[in-house]
Amino acid sequence: MTTTPVPNISAKLVDVTKRFGSATAVDRLNVDIRRGEFLSILGPSGCGKTTTLRMLAGFEIPTEGEIFLDGRSVTKVPPYKRNVNTVFQSYALFGHLSVADNVAFGLRRRKVAKAEVTRRVGEMLELVRLGDRRNAKPSELSGGQQQRVALARALVNMPAILLLDEPLGALDLKLRREMQIELKRIQREVEVTFVFVTHDQEEALTMSDRVAVMNDGVLQQVGRPVEVYDRPVNGFVAGFIGTSNLMPGVVAGNRINLGDGLSVPRHGDHAGLQDGDRVTLSVRPERVAIGAELETGQVQFAAEVSDVIFLGATTHVAVRLPGDRRLVAIHTHARGETVERGDRVVVGWWPQEAMLLREPS
Amino acid sequence: MSATLTDQRDSAVQSRTFPWHVARRPRPRQFDRPRFLVLVSVFTMALLFVPVVVVLLYSFNGTNSLVQFGGFSLHWYSSALGNASIRTSLWTSLEIALVTTALSAVVGTMLAFGLERGSRRMVQVSDSALVARLVAPETATAIALLLLFTQLGIGLTRTAVIAGHVALCLPFVAVVIRSRVAGLNREVEEAAMDLGCTRLGAMRLVALPLLWPAIAGASMLAFVLSFDDFVTSYFISGVGVTPLPVLIYSMLRFGVTPAVNAIGVMMMILTMAVIALAVPLLRLGRRRLAVSQPD
Chain H
0 MTTTPVPNIS AKLVDVTKRF GSATAVDRLN VDIRRGEFLS ILGPSGCGKT TTLRMLAGFE
60 IPTEGEIFLD GRSVTKVPPY KRNVNTVFQS YALFGHLSVA DNVAFGLRRR KVAKAEVTRR
120 VGEMLELVRL GDRRNAKPSE LSGGQQQRVA LARALVNMPA ILLLDEPLGA LDLKLRREMQ
180 IELKRIQREV EVTFVFVTHD QEEALTMSDR VAVMNDGVLQ QVGRPVEVYD RPVNGFVAGF
240 IGTSNLMPGV VAGNRINLGD GLSVPRHGDH AGLQDGDRVT LSVRPERVAI GAELETGQVQ
300 FAAEVSDVIF LGATTHVAVR LPGDRRLVAI HTHARGETVE RGDRVVVGWW PQEAMLLREP
360 S
Chain X
0 MSATLTDQRD SAVQSRTFPW HVARRPRPRQ FDRPRFLVLV SVFTMALLFV PVVVVLLYSF
60 NGTNSLVQFG GFSLHWYSSA LGNASIRTSL WTSLEIALVT TALSAVVGTM LAFGLERGSR
120 RMVQVSDSAL VARLVAPETA TAIALLLLFT QLGIGLTRTA VIAGHVALCL PFVAVVIRSR
180 VAGLNREVEE AAMDLGCTRL GAMRLVALPL LWPAIAGASM LAFVLSFDDF VTSYFISGVG
240 VTPLPVLIYS MLRFGVTPAV NAIGVMMMIL TMAVIALAVP LLRLGRRRLA VSQPD
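One line per chain: the protein sequences are H and X, in this order. Here the first sequence is numbered in numbering that gives the first Met the number 0, starting from 0 and rising by one per residue. Here the second sequence is numbered in numbering that gives the first Met the number 0, starting from 0 and rising by one per residue.
Note that these hints are calculated values from the structure, not bench results. The beta carbon of each residue, even a glycine, is placed where N, CA and C say it ideally should be. No incorrect hints appear here.
One side only, chain H facing chain X, incomplete, derived with CB under 7 Å:
1) F58
2) Y79
3) N84
4) F87
5) F93
Just chain X, same shape as in the assembly (with noise of 0.2 Å):
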């Protein structure tokens, strides 16, 4: 009964409404009138997708040729993946950024709590220096990872590179688990504790739980993001560990196939689908912390 008296009154006051609506609109003036944004936009739009479309087709191209399109094939994705040298580079990297993605998780959120809660000394100097890390040129701080390893007699392995890509990442997931740590209610810890649990087990049951959707989406960005990278890893990686990204910059010197845009289209394709995972577990992260929150 309620519901129809409702629905029939909205309905009334949109027929009433809109064609008002319409007319009453303000012209736009004769300054701030967008007379390039058509213009603009498709030519961003181009400037962002045109590459990505090329690689995408001439990735199913089926000729020898990286201009001229001749058919449709998946040659170039089974000669990719054919050769061995490809394959494990791809296994390098994926295992590189997995190894990155688990140590930057956990060093992050440690370190995003202590960021959060700690002395304001202490928080003041780490912060410059996450910022300082945040905003260096990759460049310099490879060549310095580069010095470093090399003088202290680490070399140039697997080891070096998971190293230079965690100091990497680490700054990033820092400051998305800790912006989600301040939003934490610290009633909820202390409910836990009131309750039972000791401080390491009202971590563990509570602050965890709320925070691990942030931590997560924070672990798929330190995923793409060392999967992706090229300049550290090209800088500290030796003979023997070459990552994917590496291995296509060589491809690339001694002589193009099109396989490598069946590996570009794959590497996309990867990295895409774990940020499509990432958005979705940020977004839940924040309605979780809505309920601890004091009004």
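Isolated chain H, as found in the complex (with noise of 0.2 Å):
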């Protein structure tokens, strides 16, 4: 079965469902992989982030549903028959071959001429600033260089999609940091779809063009980095994606009842909601305000201040509101105001920034 290809549309998983005995591991999955975009899947450990990956590699057969690559299914083709790969979690180098050894191995699998060979893994070993280490073994080699070897190896052959199953997970904070970096740069470079399965929030808002939320098997939401930033589609993402303030409330009319005599205007379009509906309310915390810092036209509520945490560039002050709600904001000094726990303040936001989440957390 064949769809028409897409010319900007590089994959595409269409209700695929993978179950393991009872266990489903990805649940109905629906997301199209654009062409040349870096694409973050992004989830807990357990969230059926890295079974996609291997749906897609080939190492694992959908039970349900179509993957096409390129516009042909490739739903149950062997890994060995994709024109997709991947960069291991573990790297999986070969420890009997050296790194141009390593790097040419997929080409003359391929049966590529052997100048061409050497032409390609000399470029592939340049891009990954290796050129001086060619003829090492993976055994001699840091952390961070098999890291690169590994990126080579599946990148030399030009594949429709790269796939990396949290590459930067065994690095140090810093070698992590740089190869972000470096990641980035050689994707712009080879200007290759990838694909890349992380935990780390940071690393996927910082690194993708678009990022794909995954809990439970369930796809959550797929966005710009800023979109589900700022556009979170239920408390999952706005949770796991940065931090939030939820605040749990009622919709009466216009407003939104948060109880103990506090409410906020409704903001945005919601359509279908009714009076009476439970709701969350999000509120990031650099969109709170404390003090001086408070303009007209923002909502408003009196807080005692329970603690501040001074953290050099922005100090977190936690808040308490009537009730016992706890707010957490964050302070940028713009004013060269400070609080001290214990004091009086009042707190408030701009309810077009206030997110509102259609669910009760």
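The two chains are supplied separately, each in an independent frame; assemble them into the complex guided by the hints.
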């Protein structure tokens, strides 16, 4: 079965479900992977992100649904017949081969001419800055270097999609940051579609063109990093990407009643919401203003400062609203003003910056 | 610059701590002081090596005696190698050992993969069968094989001896290789398939090269076991098939000549050479696997 190839779509997952015994790892996943994009699949461990990647690579066959690659169904095509390559979590380098032979492995399997193999391997090793280590054995390299060999070995085949399974997980924080920038640079240079699996939301936000958030095998939301951050579709996304102040409330006309006499105006288009519906209001800490930062037009509440955590550039201020509601505000010292524990202050936010989630939390 | 600094610091630490180190070492208490350590060691070493040394020494004996040493001579070596039946037996033993080694290596490797990756029920059954074969008394299994081969009408041929030896070596080979298969990272084979190998290609190009030191080491173990084996060979080998250990035994019955010593020394050297090759190979295998393992 084929569909007409859409020029901008590299891969298409249609109703893909994967069950292991009675456990459902991936549940009716639908997603289009655009050509040349950097797509991150983000979620906590066990959310089905690695299973999704393994189905794209061909190591797992979906229980139901279909996977299309460049318009061709590859649902049951074995990995060695797919134009897809993987960077494994453990790197999985071939310990008995040199760096250059590791990188040349895929080209040689496809019977590429000798001179071209040498040329492409050389170019690829330059791209990952390992030109001088071509004859080394993997065991002689550092973790970061091994990681780059794994990347070069996959990328040299010019796959339609490069799959990366938490490739930075084993590196220390500093090396991780460097590799994030490095990966992004390489992706821009080679213009290959990257599908990057991670549980690190910061990594996903900084590197991706789009982020797909998964939980319990179900795709929650796909969108540009700023979209999933500013417009999360539910409490899981709001809580998993960044932190958020979540407040339960009830719809009452064009206001949301938060209880204890607190209410805020409803904002935005939420068709279908009726009076009495239970919702959750989500406000990012950096959107919460304190004291002199407040401007007219913002919703405002009296509160008491319960904790102040100084972090250099910013200060996290925890405040208590009536009814023991807790809020965290990120204070930027823009006005040179400081607050202390026990201070009575006024906090508030722009109604349009508060996100209304259609579910009780 | 930094190197010299480190050197100085190291030597300073050493000179400062060394005398203290000696003085501070706790005195052994009365009950755990190794009073007979030297005695026991010497006795054990003597038990192990005196016979070997005697055989080695008397293989160079100039006289026809097994008890009196009468000058250095290579006479018994030339006598042993000049004896047609000894030469035939040596070739028989070598041939049996080589074929046994090849068969055990191939079947043992497959068995190792099966044991490591098969379904749980199959593994349980084959695992216990393997252990049973490891601990079963060799005499019992040899008699069983003798009965089996005569019943089946196979007869006591060279093939029968090889079959018996493969059965003997297989558990050892499988156990050694299996532990290495267990250390093989599955993602490495997946990576090979990801890069265009079929399942079999991944095995040939990636898994086997990573495992071959272990396979070679296990093969040498099989070679030594087979070349040296007496019990199974004695029961199964019929007329015309006389492995070296069986021949030596029969020579002892019809009057011993010091040529036996020379044969013994030659067998020992061959066996030790094979073992000396096997140990570094097994070590190399461990190092190779270390790269392909997740942290």
